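Q: These are the residues of each chain, in order.
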Amino acid sequence: VSADASALYNAGTAALEQGDLGRAVAFLAAARRVDPRAPDVRRNLAIAERTVASARGESAPTPPAAGGPALALSAAEGWWLAALLLALGAAAAIAGVWGLHRKRARLLRVSAAAALAAGALITLWLGAAALLERRHPEAVIVVASVEARRGVDEAPRTPILMQAGERVRIGRSHGGDVEVILGGSPIGWVPRAAVWYVADTPRYTARLRSE
Amino acid sequence: VTGSARVAVLALLALIPTAAAAALPAGLAIEASLDRQRVAVGQEAQVTVVAEAQGVALPEFAFPPVPGLHVVRAADSQNFSWVNGHLSRTSTSVFLMSASAPGRYTIPPIRIASGAARAQTSPLVLEVGGAPSSSSGGLPPAGGSGEPPPSKVWGDESLPELFVRFVVDRRQVYWNQQVTARFLFYTRERLEEPPMWEIAEAAGFWKEPLGEMRRGRVRVGNADYVAFEQDVAYFPTRTGKLKLGPGRVEARVMRRVDAPDPWSFLGFPETRVETIPLQTESASITVLPLPQGALPGFRGAVGQLVMDVKVDRLAARAGEPVTVTTVIRGEGNLNTAGDPDVAASLSLRSFESPATVTSTVAGYKIRGERRRDKAFVPEVPGRLSILPIRFTWFDPEERRYRTQVSDSIHVQVLPGGDSSAAAAGPPEPPAAPRRKSGPHGALDLGPPAGAIALGAGSIAALAAAAAIAGARRRAQLDPKRRRKDALARIEGEMAALRADDAARAAPGASAARAASLLTAALGVRYAADIEGRPREDALRILRNAGADAAILEEAARVLDELERLAFAPPGPDSGAIDRARALVRRLAEEKA
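Chains R and Y, in that order, give the protein sequences.
What the first sequence shows, in my numbering, is residues 1 to 211, in sequence order.
What the second sequence shows, in my numbering, is residues 1 to 592, in sequence order.
A hint or two may mislead.
Stated by the list, open to error - Label pairs and their computed distance ranges (CB to CB):
id : chain 1 : residue 1 : chain 2 : residue 2 : range
1  : R       : Ala105    : Y       : Ile452    : 46 to 56 angstroms
2  : R       : Leu121    : Y       : Gln476    : 31 to 41 angstroms
3  : Y       : Arg238    : R       : Arg192    : 53 to 63 angstroms
4  : Y       : Ile452    : R       : Arg192    : 26 to 36 angstroms
5  : Y       : Arg482    : R       : Ala105    : 15 to 25 angstroms
6  : Y       : Asp560    : R       : Ala105    : 22 to 32 angstroms
7  : R       : His174    : Y       : Ser353    : 45 to 55 angstroms
8  : R       : Val152    : Y       : Val327    : 30 to 40 angstroms
9  : R       : Val152    : Y       : Val357    : 29 to 39 angstroms
The hints are simulated quantities; they were obtained by calculation from the structure and are not laboratory data.
In this text the structure is predicted, and so the values were computed from the model without any measurement.
Cβ coordinates follow ideal geometry from the N, Cα and C atoms, glycine included.
Construct all of the structure, not just a fragment, from the sequences and the given hints.
A: As structure tokens, this is what we get:
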């Protein structure tokens with residue numbers, strides 16, 4: 001499903017101006033997935049995250065200055081880069097194997113090995129991220145506060161109060177609840193309506209437009 | 001007797017009395033000395049016995065038994081000296097003795113005898129004193145082990161080498177009021193390691209060590225001591241007459257043993273480690289109950305305390321938590337101090353975290369703070385009031401209860417869509433909205449189909465190229481394939497020979513070249529090195545290599561024809577080259 005980065009950004013910026021930090025973080029995080037080098041997206045997302053941290057009494061990094069695109073790639077760009085590196089490496093390797101450039105055979109072999117290794121590393125990295133997203137999708141708390149309670153048949157533990165804008169990952173689901181994972185560890189269960197999956201945010205922009 | 005013989009006899013006669021004197025123990029002497037005249041029970045005294053005799057032989061001596069004294073022979077050494085033709089022998093023995101009961105012990109003379117010669121020491125007197133603290137009745141019994149209880153002094157009481165003290169800052173306290181106990185250890189001896197205090201678990205007290213053991217130098221009486229101090233804070237948990245202590249410590253004293261043998265260990269003094277247990281007195285503490293009339297909200301806090309109250313925000317939107325933090329700080333046992341009640345004007349969801357206590361040592365006191373968070377979650381817009389928080393504690397110095405009450409705290413609760421963050425405004429203005437759409441992209445992190453195709457196709461192409469290259473390399477290394485290629489190449493050369501006009505114009509040279517090519521083809525076919533050899537040798541080698549007899553016969557005939565043609569005068573072509581070419585083809589096909 002193709003998402004419009006500007007629509008997500010505009011929805012996130014509007015939510016940020018209204019003080020709806022949970023939706024602002026969700027929309028802007030989604031916009032950054034599509035358009036990671038956009039300075040306005042990066043700036044507003046940093047402002048939203050800093051406001052969330054400030055509301056929780058924590059310190060957060062200063063938002064980046066406008067302009068100065070960072071060397072960030074979206075997942076699709078990363079995949080294309082990896083594929084291109086693999087293609088270049090394969091071409092160089094084939095040229096070396098078939099002896100098309102006998103004088104530069106060594107250069108071809110080294111270039112092929114480097115490109116193939118870089119492509120394979122990027123592929124592994126992106127593959128791990130995609131697998132994590134598939135198993136535990138990223139989500140944002142969108143209600144003002146929600147209590148992450150222990151699940152049925154789980155050992156008693158102290159409930160954790162979560163606030164809007166906190167970024168979590170989602171584990172299992174049961175009934176109307178989903179399991180919240182923070183820092184790699186499940187911390188409790190919250191109602192499904194209290195979180196927005198980052199990958200699902202475009203349908204909320206559509207709803208906003210209809211409203 | 002010649003002159004030189006006379007001199008030798010006279011010298012021998014002169015040596016006889018000297019040797020006799022050396023062999024016979026003549027002058028006998030023995031001395032005994034004590035390193036100290038008075039010790040405490042359990043302490044050791046050292047007796048050094050030096051026996052000397054003229055001559056080689058030195059009689060043995062025995063230490064006389066002394067009832068009540070435990071004697072151990074610690075070291076022996078012997079020394080020989082030759083002075084002015086006289087040989088003397090000295091024996092030095094060291095004995096360590098200790099008594100298990102106080103009293104006056106007399107060590108009888110130690111006697112030695114050799115022939116008619118006799119010698120003995122003077123009697124020695126050792127006074128063993130009882131433990132002063134035990135004599136004063138302050139020490140508890142040792143627990144029925146039969147051994148005397150450790151003393152608080154070691155050495156001469158007037159100038160002890162080690163002693164311990166136990167000091168408490170007060171003998172009468174209120175319940176949960178701190179009593180500071182100081183365990184002090186003084187030494188004039190060298191210790192192998194710092195002493196380790198065994199802080200007794202005092203019944204009815206909760207204890208907290210006040211930091212690490214301290215060390216310093218002090219002057220007590222007329223002597224300088226090294227002092228070690230361990231401070232402990234005790235908090236009584238019940239009332240009545242309670243006992244603190246005693247504190248026990250074991251000191252590992254490095255004692256110098258007088259080296260009896262000057263040659264032993266290159267003359268360095270020998271030391272041994274003696275473990276000396278010491279024990280302080282105990283102290284009786286009267287613990288008073290807290291006075292009647294405790295104020296409401298009193299949860300058992302005792303000390304010099306003060307309360308702070310903090311709220312993390314004064315404006316929040318509905319659903320946002322408002323956290324109230326109470327901090328109690330000061331001197332006292334904060335672990336048992338209860339937390340004040342925190343309540344709000346509305347009935348709200350609330351969450352309490354367990355209290356955390358941090359403490360530090362400030363002099364002889366424990367200072368710290370006890371912190372507890374309580375979060376309220378307002379559900380509806382309006383005004384949320386945190387009611388006054390009351391904290392009550394007992395001040396033992398002023399002997400009265402004290403109360404501190406905070407002011408009410410009002411938090412503005414805004415509607416859910418208009419949060420505190422919005423009310424306060426974001427920290428910086430956000431970037432403006434966009435007017436154009438795009439860029440577009442996928443939000444899932446999986447690979448695009450095109451990238452998958454490109455990457456997978458590249459890898460597949462690389463694999464195919466590698467497979468083809470490997471097959472080619474293997475084929476090039478196959479000997480059958482290489483032989484077939486060589487025969488085909490030779491046949492091609494022969495065909496070119498027939499097609500070349502210049503070669504047709506010179507049939508002799510062509511025939512010689514064809515003969516050379518045929519020989520090479522035979523060598524390649526049967527893997528034999530026959531190039532340049534006479535024909536008979538070449539045919540024999542080929543026959544040995546397994547060549548077919550019919551082919552060899554045909555080859556010999558064709559080679560004969562080619563040879564004749566090569567050396568014959570110019571004439572028409574007899575077709576020998578064609579037959580040679582046919583034979584090469586036959587060789588190739590035979591292999592195929």
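Q: Decide, hint by hint, whether the structure agrees.
A: Consistency of the hints with the structure:
{"no.": "1", "hint": "Ala105(R) with Ile452(Y): 46 to 56 angstroms", "verdict": "violated, 30 angstroms"}
{"no.": "2", "hint": "Leu121(R) with Gln476(Y): 31 to 41 angstroms", "verdict": "holds, 35 angstroms"}
{"no.": "3", "hint": "Arg238(Y) with Arg192(R): 53 to 63 angstroms", "verdict": "holds, 55 angstroms"}
{"no.": "4", "hint": "Ile452(Y) with Arg192(R): 26 to 36 angstroms", "verdict": "holds, 32 angstroms"}
{"no.": "5", "hint": "Arg482(Y) with Ala105(R): 15 to 25 angstroms", "verdict": "holds, 24 angstroms"}
{"no.": "6", "hint": "Asp560(Y) with Ala105(R): 22 to 32 angstroms", "verdict": "violated, 51 angstroms"}
{"no.": "7", "hint": "His174(R) with Ser353(Y): 45 to 55 angstroms", "verdict": "violated, 27 angstroms"}
{"no.": "8", "hint": "Val152(R) with Val327(Y): 30 to 40 angstroms", "verdict": "holds, 38 angstroms"}
{"no.": "9", "hint": "Val152(R) with Val357(Y): 29 to 39 angstroms", "verdict": "holds, 35 angstroms"}
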